[in-house]
Structures are given as C-alpha cells and as structure tokens.
Amino acid sequence: MVENHSSTAGPTGAAQAQAAAADLPAPARPVLEAPDIARVLTRIAHEIVERAKGADDVVLLGIPTRGVFLARRLADKLTGITGRPTQVGSLDITMYRDDLRLHPPRALARTEIPGDGVDGRLVVLVDDVLFSGRTIRAALDALGDIGRPRAVQLAVLVDRGHRELPIRADYVGKNLPTSLRETVKVLLAEEDGRDSVLLGQKESRNDSRQDAHGGPGADARSDAPAR
Amino acid sequence: MKRHLISAADLTRDDALLVLDTAEEMARVADRPIKKLPTLRGRTVVNLFFEDSTRTRISFEAAAKRLSADVINFSAKGSSVSKGESLKDTALTLEAMGADAVVIRHPSSGAPHRLAASGWINASVVNAGDGTHEHPTQALLDAFTLRRHLSGPGRDLNGRRITVVGDVLHSRVARSNVLLLTTLGAEVTLVAPPTLLPIGVERWPCQVSYDLDAVLAKSDAVMMLRVQRERMNAAFFPTEREYARRYGLDGLRMAALPEHAIVMHPGPMNRGMEITAEVADSPRCTAVEQVANGVSTRMAVLYLLLGGSEPAVAPAAATAATRTEESK
Amino acid sequence: MSKTLIRGARLLGGEAQDVLIDGEIVAAVGSGLGTDGADVVDVVEADGLVLLPGLVDLHTHLREPGREDSETVLTGTRAAAAGGYTAVHAMANTFPVADTAGVVEQVWRLGRESGYCDVQPVGAVTVGLEGKKLAELGAMADSAAQVRVFSDDGKCVDDAVIMRRALEYVKAFDGVVAQHAQEPRLTEGAQMNEGTVSGELGLTGWPAVAEESIIARDLLLAAHVGSRVHICHLSTAGSVELVRWAKSKGWAVTAEVTPHHLLLTDELVRTFDPVYKVNPPLRTEADVIALREALADGTIDCVATDHAPHPHEDKDCEWSAAAMGMIGLETALSVVQHTMVDTGLLDWAGVADRMSTRPAAIGRLAGHGRPIAAGEPANLVLLDPAYRGTVNPAGFASRSRNTPYEGRELPGRVVATYLRGRATVQDGKLA
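Chains as they are written, first to last, in UniProt numbering: chain A, 1 to 227; chain B, 1 to 328; chain C, 1 to 431.
The hints are simulated quantities; they were obtained by calculation from the structure and are not laboratory data. Even for Gly, the Cβ is constructed at its ideal location relative to N, Cα and C. There may be inaccurate statements among the hints.
[Unchecked claim] Residues on chain B that point at chain A, a partial pick, calculated with CB under 8 Å:
#, residue
1, Ala27
2, Thr39
3, Glu61
[Said to hold, decoys possible] Per the computed footprint, the stretches of chain C lying under chain B, defined by three or more beta-carbons under 8 Å from a beta-carbon of chain B, are:
#, region
4, 94-103
5, 317-324
[Unchecked claim] Stretch-level coverage of chain B by chain C, calculated; a stretch enters the list once three of its residues show a Cβ under 8 Å from a Cβ in chain C:
#, region
6, 131-143
7, 148-162
8, 287-299
Could you put the whole structure together from the sequences, leaning on the hints where they help?
Below, the structure is given as structure tokens:
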C-alpha cells in the first residue's frame, strides 16, 4: 500500500508511515478512541446537512488513503440523516503534489468521481489530518481539473495546526494543538484493524527521513514549486 | 525501476505491475474534461527519432504533453544526422538543451543502450524501438491491453496463453513481448515459418510452432506481427499469397479461437497479408484500443521515470498483492 | 661493434643460459659467458625472464598509405616492437590498395626506414580487392618487397574461378594465398556471430557456415591444383575440423587464429560496445575452446594479430555504424600466455613455434623465426612471464586505442626486443 497522504506527521510519505507504524516511539498516547471517532463523524455529518441545507448536492471526496474511508463513513451517516443516497468518491492528489521532486514517484491511488460529476455541486473534501495544508492545496488543483463545483469545503478528523498555506477546515473532528516534535497517527479499522488517533513523539535524532519527507519545515525549505 | 527503459528485461514483475497499475489511473485522465496533469511541469522530454514512426512519436508526444512536460521533437532522419553527425554529437546537443528524458527510435539495434551507457547524457533513456532488438513500451501497452481483457487491474497474466504470429526474426515487438509477458506469467507461443525465427529461439522462454492452426484453439490472445513485403524478395517466404494462406489470420481461423480470445496487432496492419479486413474490423481486434492504451502506458513510464527525484521504486510483492485485493 | 650479453634467460622457457649478441648475430649461447675484458658489452640481467625468437605477425593492418589517422608504418612498427615482434606482414587493404609493385615497395621501404620491425607487405590477390581481376602478383613477387603472401583480407575472394587461378598462379614464385573466408551472401549486413546472443539482441547474424563453406571450398581447390593455401583468422570449431581433415590428407594448408578469438566470446556484444565488433566476429565459448586446442595440437599453425587500428570516432558510436576490428600487437603475447601457457596447453617453445617459427615459414621470411643459436640473426624477444598488469591503452605505441582488453588484467610483459642485434625495446620501453 502506498499512501499519498498519511497522517504520521501531516503530509508525509508512505515508507515513513509504515516505518512509524511499525516502530512508533513509545509512548503513543491515544487522543481519540473508536467511540470518539464515531461521535465526531456523526457531529460532522449533522453540521454538513445543516450548512448545506439538506445536503442535496453534496459530493464527498475522500483523499486517499484514510480520507476515503472517512468519506465513506460520513456518507453513510449523511444517508442515515437525509434518507437519500449520498454521492461519495475519492480524489488522488499524487500528481498535483508540490514535493514530487523530493521523492521517487509514488504509485497512484484511485480517483473515483461519482456518476454525476462535481459541476455545480458542493464538494466536501475529506481527510484524516490537516497539517501544513499542502495536501489540500494539491486537492484543490486536482479538483479544478475535474470540474467546477459550486463550492468546496473541507472536513478533517484532526487539525493539528502548523499551517503553511492559507487553508482552514470547515468541519473539524478534533483540534489537537501539537508541537512539531510530535506525531499524529490515525488508525482506521478498514486499513489498520482498529480505530484510534495516537499522539506520539517524533524520534528525536536519526530520523532524518521525517524532515526529508516533508511536513512543516521540510516543505518550506524545499525548492519544489508551490504552484 | 532502473533509470532507463531499454529492454523489457529491465522490468521486474513488480516494476511491470507498477507501470500497468499506474497506466490504469492515467487512462482515467483521458475521460476527464481536462486531459492534463501538472506532474512533469518544467521537465523536458526529447523525442529523438532516427526512423520514421509517426504513430510511436505522437503517442509519446501526447503522453508527455498530458503530463505537462515540454516536448522537443527531433526527427533525425533527413537532418544533419543522416549527413554524418554522430549519435554522440546529437546526444551532446540534447544534453546541452537540458533534456530530462530522451525517447529514442533508432534503426540500429543497441543504439538506445549505447546512448544510456556511454556517459554522453544524464537524461533517462526510453527505447522507442531499436532496429530488430526491442520495443519495451509496445510490450507494456500490449500487456496492458491483455490484462484489461484477460485478467484485470492489479493482476498479472499468470497462465494466459498468448500466441505471437509472424516475422519474429525482425520483430522488436516480439522480443520485448516474449520477455515482458513471460515476466508477467503468461505462456507465449511464437508461430512463424522457420525462415522468420531467429537462430537460438529454442532457448527463449516460450514455445515455438510452425503451425498456426494447431495453436489457435489454445490461445487466449493472438498477436499478429506486421510482415514487410520486402522480406519476400529476400526469400524468407515464396509469395504473399502463400504467407497469408499459412500464417495469415482470416475469419475462419478467428472462429477457431476460444470465445473470449482477442486479436492484437501493433499496427500498421497489412490487410490481406497477415490479417484480413474481416478480422481487422471485427470487435475482437484490439488494434485501435492498443493505440489508446499506448498513450496511458507511456504516461505511466514517463511519470515513473521522471516524476520524482529518482525512478520509482516498485512496492514489494507483498504490498502489491494487498493493492491487488483492494482494487478489485 | 656493440655487444650485448643477456645473462641467465630461460631459452624458450627452458634452462637458464647466457646469450651473447655481437652486432646483428647471436655470437654464443652457453652458461657463464664472460664479458671478454676489453669489448664494450651491454649486460642484461635476465634472471627469471624468457627468451624467444622475435615474433612474426602474418596479419597486421598498418593503414599506410591512406589511413594515417589510425596508424602509420612507423607507429604500427613501434607497436609491433613493443609487443615483441621483429617482423610483421602488412595487409593490402590500404588506400591505394597494395595491388601493384609500386605500393608494396613503398610500404616495404617505409618499414625499413622505421627501424623498429621488418615490414613484409602482403599483396592484393585481385585489383582493388574487388575479386574480379587478378592483380599483378608476379610483379609484386619480383619487386624489392619480394611479396610471397597474397590476400584480399577484409574481403573474401569468393569467386571460385578467381580463387583457383590465384592458387595456381602463385606457385610460380612459391607464394601463398591467404583467404579471408567469408561467404558474402550469407553475411549481408551481418553484425555479430549468429547464435543465441544475436537472436536476443536483434543483430543480424554472421553464421559460422559463412566461414566454413569458403574454407571447405578452398581446401578442396588447393588440393585439386596442388597449391598451398593459408586460412586467415579462423574463428569457429567447424573451421578447425575442416583444417584438421585437410591436414590429415597431407594437403598444404596452414591456418592462423587471432588472440581475441582465443579469449573473447560473443557474450560481450551484450554491452553493445563496438570495441567488440570485429571481422570475423567473436564466437562462442565452444569455439574458443576448440581454437585453443587446435593451436595447441598444431592444427592451427600460428597466432596472427589481425591488428586493425581505427580512429576513436569509428568506435565511439552505435554498434551498426562502428568499424570492425581491434588492435592487438601490443597485447598478443600476453593474451597467448593467458590463454595457452598459463592454462598448460602450450609451453614457451610452443609459443615460439606458433608466433615466430611457423609464421615466418609460411611467409617465406628469411632471417626470422630462427633458432636461438650461434650464427643466427639476433631477432629476439625477452619477456617477463611473472608480470601481472592491467591493460591501459594510454600507454600504447599504436596510434589507435581500440583494444578490447582495456582494464583487463593480463600476464606477461615484453622487457626487450632485439631486431638484428639492436634493441628496439629496452627495460620495457621503446628504444
């Protein structure tokens, strides 16, 4: 599995996510458990219905990998509230990243736009962690090449701060103030076997990959075009 | 993946699956209103063609442009190159122009290998067909087409029986396909008159037959190679009529194929020679689809070679399997 | 008169002996030879070194006249001396072709002026190497160059009638036709040995039968007209069988093999590096083994370099555009030591026979390939078989650098070469 967007330290690469998952510096402290995650998703679903005045034209687009699972869960909840099927899909942002030249090319994930497309609709982008904002910037570019939504909103499970671009979320599961020395790891049953959000410490030294693979600081220093 | 794509043998099974899976995603871009990705913005791809091949050139050109690369077409035929400028000097010129990738078609077997190994340039070299040696992107697009019809995204071609018919001796398409399709697990059978099979073919990882009718019923796909009429004059076979009778694919032979089997052709087709119009125009013939798949496949190759700081690393077999499950 | 005393050299690899050279002649061979008090004597301590008669090459391309950008008679003979040679046969495919008495005398004279190595011109068999009309073979034989070897090398005398006439005609002056055996139709556009590798690389194949069919024909022709025939750069196991068969019949056939065909195989072509492009092409491992055995048992009479210099640009290109040929004078002895001596197939006396005595005899070259004995011309090479070194073309005397051995470790080194008593190489350096 190659993720285009993992949550270890915000917008970071796959290898690192796996490395971090396998060798998470102890102790990683759970900040959300399964019932919490279910609860905040329900809340976000209600907020979407409320702000979209019925969610008739909402299209949920999850950003792979975990954003897609969150989008599907949100879609189920929306359907439960409105009684109508909810349009849900995925949006791969790999080809739009601004740090492509910092890594070997990544395998692509699936972009799946629901049948009626996004033109004139309210697109809600769904991701697990909002960090530097660069992933969302790439997602907006990717979306622009697919169609012209009426409006675009953003739903995230965790906002850990440290934005590098003028981007904010419309729906936030949990605001989690973090330091750059900390890692936020989202586990979802579909991918990881259980639901949890873990706050851990970055391995202090040696882990130069962390920096090389982006996240605040690294991207800011990079010469990659920000588009 | 290696830095250059010279031979289909350069690709491991994981590399090949990565290219094919990436090509699947690239193919979806073609269905969008904006058929363009920003990925190779600022990269320069040079199409260096020492041989006329409009089809292959425009396929690479479309692929590079859809990825926003700058494309320079250098048609070396009839230019200074044919007036004695060496491959080396041409390469040095391209290097000075800042080429990130050189897509090379050359009448001489081994020229792309030489370009990649000589130290003349730093760019990635993609072989777009060299002499009678190899044409790896053609094999990739053929594998992509085969997979779509015979196995499905994320899968290899394990156990699929592919019959390649025609002028194997002079065919770079055949060489690359034997290597790639067997890497992907397919069982390849070459069918040709003995004059059009290379010495030593018995050591290739495939079966060989002189009798097309004997293998049709056991084929999941038949790939018809273009047979050049000039070969007749060099006594490789007596007449076009005899060739067509013994090795051409007509409606009758197509009917002997299993229901699900497809007919492939790398183009351009010699209708009436290796393939009849009836077969060429039938829905089972994938020649046109192969052209479309060529763009997606070449986008994938360019992305994986040029899209990052270095060529893509194929995921390990285990993770590839996971993805296979997921994409189903 | 200058004298040189070579002290303690192993003659033909045998017992250590002293050899005294006086002027152009070997004055004495024995142990404990003195320096004779008053005479000026140059003493060479040769402990552990091997002394052989000066090497003779039946097959060298010196490129002059016409392609002085790749080699001249001077640079080529310097390369020859550096490789231990005291005589080379200069092939006829120059510009103009060596098909007249004028051209062969010019080459012969240039060789004499160089002073590094005797140059014995080879005359073309046919005018312009075109295979159509016999050149003036008699005029070349009667010229100052006294040509005895005739060859269209680079091209095959493929017309059976022309070949028959040439074989017959040169009997009048004890000449020999050296055939470049390559059936032209079977090798149109050929790029490398036809076999597994050519099939995989998609390079047009050069079948063994293209060489063997011509050899078979010429052996039968030579037997029919009672002439001697020499086969150039024999490269296949099948060719060995044919020559062995002809020799068993008692026919006057001789054959040569190049150092590169004793060592290299067509697997190297997988690199597409044109330094491995040569005519005849590198063959398979089985051929290499057969050639070594044939050289060891005498079926193949001699090693000939087919030293073929080419300018850098003719090799610094794609395979099909590259020129065919490799240089070999400066590495021949090392390759032969590596492939024949160090493998136990041939002793140093055998090397002297295959690289000096027999080629001199085939070329009817007086004064070369003689025993190392009192009264014989002092054409000698002193070599160090214990030396191990990496081939570095930068140090070559040849004007060209197209060696396939660059970076390879090869044994042996020429310490000194004597041409009629005068050192052309001393302490491993050209004098």
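Check whether three or more residues of the region 148-162 of chain B sit with their beta carbon closer than 8 Å to a beta carbon of chain C. Violated - the region 148-162 of chain B has 0 residues with a Cβ nearer than 8 Å to chain C, which falls short of three.
*asked:* Hint B/Ala27 vs chain A: min CB-CB distance below 8 Å?
replied: violated, 11 Å
| said: Three residues or more, CB to CB closer than 8 Å: is that satisfied between the region 317-324 of chain C and chain B? | reply: holds (count 5)
If you count the residues of the region 131-143 of chain B with a beta-carbon closer than 8 Å to a beta-carbon of chain C, do you get 3 or more?
n = 4 at 8 Å, threshold three: holds.
Coverage assertion for the region 94-103 of chain C with respect to chain B, Cβ distance below 8 Å, three residues required: violated (count 0)
With a cut-off of 8 Å between beta carbons, are at least three residues of the region 287-299 of chain B near chain C? Check failed, 0 qualifying residues.
**Study point:** Interface hint outcome for B/Thr39 [beta carbon to chain A under 8 Å]
**Key:** Since the shortest Cβ distance to chain A is 4 Å, the answer is holds.
Verify the interface restraint on B/Glu61: the C-beta must sit less than 8 Å from at least one C-beta of chain A.
violated, 19 Å
Against the hints set out earlier in the document, violations occur for numbers 1, 3, 4, 7 and 8.
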